[in-house]
Amino acid sequence: MTTSSAPGTKYVYLDHAATSPLRPEAHAAMEPFGDVMYANPSGSHRFAREARRAIDEARDQIAELIGCRPGEVVFTSGGTEGANSAVLGSVRRNGGTAVCAASEHHAVLHCVEHVNGTVVPVTEQGPVSPDMMRETLAGMNDVTVVSVMAVNNETGAINDIEHISHAVKGRAENAVFHTDAVQAACWLDLRTIWPHVDVLTLSAHKFGGPKGMGVMVVREGVHLEPLILGGGQERDRRSGTHNVAGIVGTAVALAVTDEHRDAEVQRLGVLRDELVAGLTSRISCAVPTLQAGVGVAGTAHVCLDGLESESILYLLDTENVCVSAASACASGAMEPSHVLAAMNVPRSRINGSLRFSLGHTTTSEDIAKAIDATVAAADRLLAVTKK
Amino acid sequence: MKVLLAMSGGVDSSVAALVLRNQGHDVVGVTMRLWGGESDTGCCSVSDVDDARRVAQQLGIDHLVFNFSEEFNEHVVDPYVASHVAGTTPNPCIECNRHLKFDRLIERGRALGFDAVATGHHARIVDDKGVLRVGRGEDALKDQSYVVHMLSGEDLAYMMFPVGFMEKSDVRQLGVDFGLRTATKPDSQDVCFIGSTIGRAGFLEPRLSFNPAEVVDQSGTKVGEVSAVELVTLGQRRGLGLGGGDKRYVVAVDVPARRVTVGDEASLFVESENLRSMVWPHAQDEHIVLGGEVLVQGSAHGERAAAQIECVDGQYRMVWSRPNRRIAPGQTVVFYDKADQVVLGGGIVAP
Numbered sequence: 001m002t003t004s005s006a007p008g009t010k011y012v013y014l015d016h017a018a019t020s021p022l023r024p025e026a027h028a029a030m031e032p033f034g035d036v037m038y039a040n041p042s043g044s045h046r047f048a049r050e051a052r053r054a055i056d057e058a059r060d061q062i063a064e065l066i067g068c069r070p071g072e073v074v075f076t077s078g079g080t081e082g083a084n085s086a087v088l089g090s091v092r093r094n095g096g097t098a099v100c101a102a103s104e105h106h107a108v109l110h111c112v113e114h115v116n117g118t119v120v121p122v123t124e125q126g127p128v129s130p131d132m133m134r135e136t137l138a139g140m141n142d143v144t145v146v147s148v149m150a151v152n153n154e155t156g157a158i159n160d161i162e163h164i165s166h167a168v169k170g171r172a173e174n175a176v177f178h179t180d181a182v183q184a185a186c187w188l189d190l191r192t193i194w195p196h197v198d199v200l201t202l203s204a205h206k207f208g209g210p211k212g213m214g215v216m217v218v219r220e221g222v223h224l225e226p227l228i229l230g231g232g233q234e235r236d237r238r239s240g241t242h243n244v245a246g247i248v249g250t251a252v253a254l255a256v257t258d259e260h261r262d263a264e265v266q267r268l269g270v271l272r273d274e275l276v277a278g279l280t281s282r283i284s285c286a287v288p289t290l291q292a293g294v295g296v297a298g299t300a301h302v303c304l305d306g307l308e309s310e311s312i313l314y315l316l317d318t319e320n321v322c323v324s325a326a327s328a329c330a331s332g333a334m335e336p337s338h339v340l341a342a343m344n345v346p347r348s349r350i351n352g353s354l355r356f357s358l359g360h361t362t363t364s365e366d367i368a369k370a371i372d373a374t375v376a377a378a379d380r381l382l383a384v385t386k387k
Numbered sequence: 388m389k390v391l392l393a394m395s396g397g398v399d400s401s402v403a404a405l406v407l408r409n410q411g412h413d414v415v416g417v418t419m420r421l422w423g424g425e426s427d428t429g430c431c432s433v434s435d436v437d438d439a440r441r442v443a444q445q446l447g448i449d450h451l452v453f454n455f456s457e458e459f460n461e462h463v464v465d466p467y468v469a470s471h472v473a474g475t476t477p478n479p480c481i482e483c484n485r486h487l488k489f490d491r492l493i494e495r496g497r498a499l500g501f502d503a504v505a506t507g508h509h510a511r512i513v514d515d516k517g518v519l520r521v522g523r524g525e526d527a528l529k530d531q532s533y534v535v536h537m538l539s540g541e542d543l544a545y546m547m548f549p550v551g552f553m554e555k556s557d558v559r560q561l562g563v564d565f566g567l568r569t570a571t572k573p574d575s576q577d578v579c580f581i582g583s584t585i586g587r588a589g590f591l592e593p594r595l596s597f598n599p600a601e602v603v604d605q606s607g608t609k610v611g612e613v614s615a616v617e618l619v620t621l622g623q624r625r626g627l628g629l630g631g632g633d634k635r636y637v638v639a640v641d642v643p644a645r646r647v648t649v650g651d652e653a654s655l656f657v658e659s660e661n662l663r664s665m666v667w668p669h670a671q672d673e674h675i676v677l678g679g680e681v682l683v684q685g686s687a688h689g690e691r692a693a694a695q696i697e698c699v700d701g702q703y704r705m706v707w708s709r710p711n712r713r714i715a716p717g718q719t720v721v722f723y724d725k726a727d728q729v730v731l732g733g734g735i736v737a738p
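Protein chains in written order, with our numbering: chain A, 1 to 387; chain B, 388 to 738.
Bear in mind the hints are in silico, worked out from the structure with no lab data behind them.
A virtual CB, placed ideally from N, CA and C, is assigned to each residue, including glycine.
Hints should not be assumed to be uniformly reliable.
List time: in silico DSSO-like cross-link candidates among lysine-lysine, alpha-carbon distance up to 30 Å [to be verified]:
id	chain 1	residue 1	chain 2	residue 2
1	B	K572	B	K529
2	A	K169	A	K10
3	B	K634	B	K609
4	A	K10	A	K369
5	A	K10	B	K389
6	B	K572	A	K369
According to the in silico footprint, chain B covers these stretches of chain A (three or more CB under 8 Å from chain B) [stated by the list, open to error]:
id	stretch
7	231–244
8	307–318
Chain A is nowhere near these chain B residues, computed Cβ spacing over 10 Å in every case [claimed, not checked]:
id	residue
9	N454
10	R495
11	V518
12	P593
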């Protein structure tokens, strides 16, 4: 056994929600910028102008894919920076209180907690309810920013951003409404989300782009205090030399994602249903976390009641099946999921939670192998537990 | 064999990984995440996990992290605090071994199909007339048989202590020779979940209420005061605010009465002490120990003293062969054979 993946070994990779493999088109588009077109786009020579043009074109392309104006697109280092900019940038600019849902990614949740904000409960089914949002906001008069993710990163639960937006704007019309759309890009048309929010953030490596790249779309007229000061790039909204290759790769990956989205949602939705059905029919303690139709096509979230995720993940890993449980802490240890806790999932299920996330490389063969390997792992652990 | 090795990020478990790998075993290293709070010492910090992972990478073995922080709180941290409230002296390292390393980790190892679980403890597994026992480590000064005494014969058949037969200096040398980043890392000394900057009092303060207490002599006359009776330990001499004069030691701590009694050193010596929570590695060990003379060790590297272990009406008692300095309630005592080589059992001193 070695620490690196052995060449020739066939892996079943069902962890796209953690990182989706770099799309070949993005890889090809990025290559010249690591090699021959290395200039700093902020320069004034022709070499710099070439790089600048690549960024401008990428920005136009991304704007079109989201349905926003090019000037509203800000390039960041990733989803976490976008979320921090939206929440902390609003509070630093305008004071007041930040609000988010209890199931938000830590990139949002920890910012809101950091500024002593308010956390809105979620439903037991997973999504945030517009009514609960309305109720929470009713008693508040200084709300500066509200953040609700479009799709949950663990369960795949979809939030009704349009109706939540109405709830937010009805109670706190001046608040900035941010959506972390990091997990939405592969599954939902971003053009249908953008009209309802003030800030939308993306992370490129979740849709086949490079790591270290994010997009923050900030509606014209909305002002956030920048987190990073310096050379004034991105119209003073985010300083720092542009990651030209990353920006180009991001635009291409998002374009490919958008082009294939409808077909992939169809194709992977069928595979996801097969996966959930296979696991729940063959493993006595397997419980699907979401009801059918509540989540995106790419996520199968299942809890193996009474078993431990760490053990299942290890056994799957030995069979070359890569999946995940909840988020990991700095040490690499699995943390019990705050998302499932917010949904009132019993502890014995939370401890046995598994997330299979599908994506552009997933095949039906992968799903069959994943089912068999998970059934075998569960059988083994159930046999030991019963002793 | 397929071996699951507990890697704390220290030199002993790093070299244990090297030894096992060189013996041809299929080794998987695992670091247990035990403490969720802040600490910069011991085997729980993120930088120690980094060290363990980097050593595993260097040796070409897999490295995992298991999160046992909930069990650690339940079995180690909470009892540690409760022990101070009760005025007894806890031994968190032993409870961690008992409930985490030699319970949860062994359980995991078996469930995941490993042939053995190994740790970097300086102890040996010896075959004593057909039964497996914990034996003292090769390096007498670093011997850790005391902290692993609770292992049953069944567990020992599943365990390995790859560096138990080595001197500590040889362990370090092997680490240096192989260029392991942990080769010269200092031994951990302190309670792993208590950061060196906050100390024991700083750790306990938000978790319990400190109560002032009067310090009295054995005739009951008040001779001083302490601000936190929960922090006073039997045998303690300093920090009692008694000024100069004859050396006086804490001979009794009564938390509910908020009273600390001091006396001269002679009054710390006792004929016998009660025991609870007995541990017998094999069912027959109780019969071997009871009635005969054993050597008792009352702290990690403490002196040994001869005693007989008795059981009268279900109450276990340790009767010293000659009066012995009292071991604080809550402390673990471990029984060794007359040759002082193998573990025959153990228990916890009862108030």
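Okay, the hints, checked on the actual structure:
1. B:K572 - B:K529: 15 Å, holds
2. A:K169 - A:K10: This hinted pair is violated, its Cα atoms lying about 50 Å apart.
3. B:K634 - B:K609: Given that 30 Å is the threshold and the Cα spacing comes to 16 Å, the pair holds.
4. A:K10 - A:K369: 11 Å, holds
5. A:K10 - B:K389: 23 Å, holds
6. B:K572 - A:K369: This hinted pair is violated, its Cα atoms lying about 44 Å apart.
7. 231–244: violated (count 0)
8. 307–318: Coverage by chain B holds for the stretch 307–318 of chain A (4 residues, Cβ < 8 Å).
9. N454: For B:N454, whose nearest Cβ neighbour in chain A is about 4 Å away, the distance does not exceed 10 Å, so it is violated.
10. R495: 7 Å, violated
11. V518: Per Cβ check, B:V518 is outside 10 Å of chain A; nearest 24 Å; holds.
12. P593: Its Cβ never comes within 10 Å of chain A, the nearest being 19 Å, so this holds.
Of the numbered hints given earlier, the model fails hints 2, 6, 7, 9 and 10; all others are met.
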